[in-house]
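Student: Sequence:
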Amino acid sequence: MEHVPLLVLGSGIDGLAAALCLAHQGFPVQLLERGPDPESLDDAGPSGSMVVRPSAARVLQGLGLLEELRPRALEVQRYCHLDAASGQPLRKVELGDVARARFGYPCLIVTRRDVRRTLARACAADEMIGVHYERRPTSVEDIGDAALVTVEDGEQWRAEALVGADGASSRVRGLLEAGAGALSPTFVVRRTTVASSAGEPASPELRVWSGPQLQAMRLPSPHGGAEVVLVMRADLPPAEREWVVSRLEPELRRSVSAVVGREPEQVVAHQRPLSRWTRNRLTVLGAAAQPLLPHAGEEENQSLLDAHALGAAFDRSDGRILPGLEGYETLRAPARAACAARVAEFAALSHAEGLTRRLRDRLWAREAVDEVAEVLGEV
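Read in numbering that gives the first Met the number 0, the sequence shown has 69 at position 70, and its numbers run on one by one without any break.
Some clues are possibly wrong.
[Said to hold, decoys possible] With a straight-line cut-off of 20 Å between C-alpha atoms, the simulated EDC-like cross-links for lysine to aspartate or glutamate are:
1) K91 <-> E328
2) K91 <-> E248
3) K91 <-> E204
These are computed hints drawn from the structure, not numbers from a lab.
Given the sequences, and given the hints that come with them, work out the whole structure.
Tutor: Below you can see the structure in the form of structure tokens.
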């Protein structure tokens, strides 16, 4: 049996960032990942893009990784929200220099693969971190003064503190609360890549199309072309999905028509927040703490903020486990719940119909709305 002080489950962006943030504060940490080392994955495989907002860029800067990512990133110059049926703009928000001047950091688009690999390399180079790939957990137990993780080959890890960064279906989350309960309809997410078009803006632009039954986001890729993320209600039957797509404005219809019939890559709903993020020596981080709807592309940003808060809380507690876990929950549980609620409200507005839709359009047209802060999640 392995005995360790701090153990992180999961080597996604959230888990790797958590390990780095703890190590940067002087705490040794071990990380278990059920999959392979990301360095061994084929570059030819799909790699989705993500938006790195200024607050998340600040975390990456603190880890010494932002400049390494910059050559493989695009700086978003504007946000354009369009009606999915007509293609008419609902609002345009200039970002670029405006965001940088106001928040001190840019708004970037980078691939998740590049971010994860950069984090993984930093973990591998840090003597305070041990990363163990292809260790699939079969059980996670709360034994009061420790957590016990058993992996497929029977190997056991006893940890003084366990951080569940193992996604929306987290084993650790299940130990904290049996079921949080959905607060929204269920949505499905499909992704596709498209080539650059002749009418492509000269400067990187984040485009979002909204309609009653769907939302689509187009993120230009730093490696060429763009990724389109299609979000639809899960209860739409196939025939209705096809009908909805047939009524989209031409550019969007061309982008999503080939992907709408595929199996979804993600199924998600807005969840009721956990009543507690910690129990004894357990806590959760990222989607394991609270999954976010995909409409605003906030998941990875909030995960980086979670990781930063975890490291800061352990630093303030001088490495004492229980005060560190409680301090982390105090720092992040209200903030992540508020973000999840804002994203759910944005999703509801994006899918609005009738009078609510007309009022929404008037609201978004008002100059009094702090659009830069709203779009960047800096509220």
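Student: Hint compliance check: list the failing hint numbers for this structure, sorted ascending.
Tutor: 1
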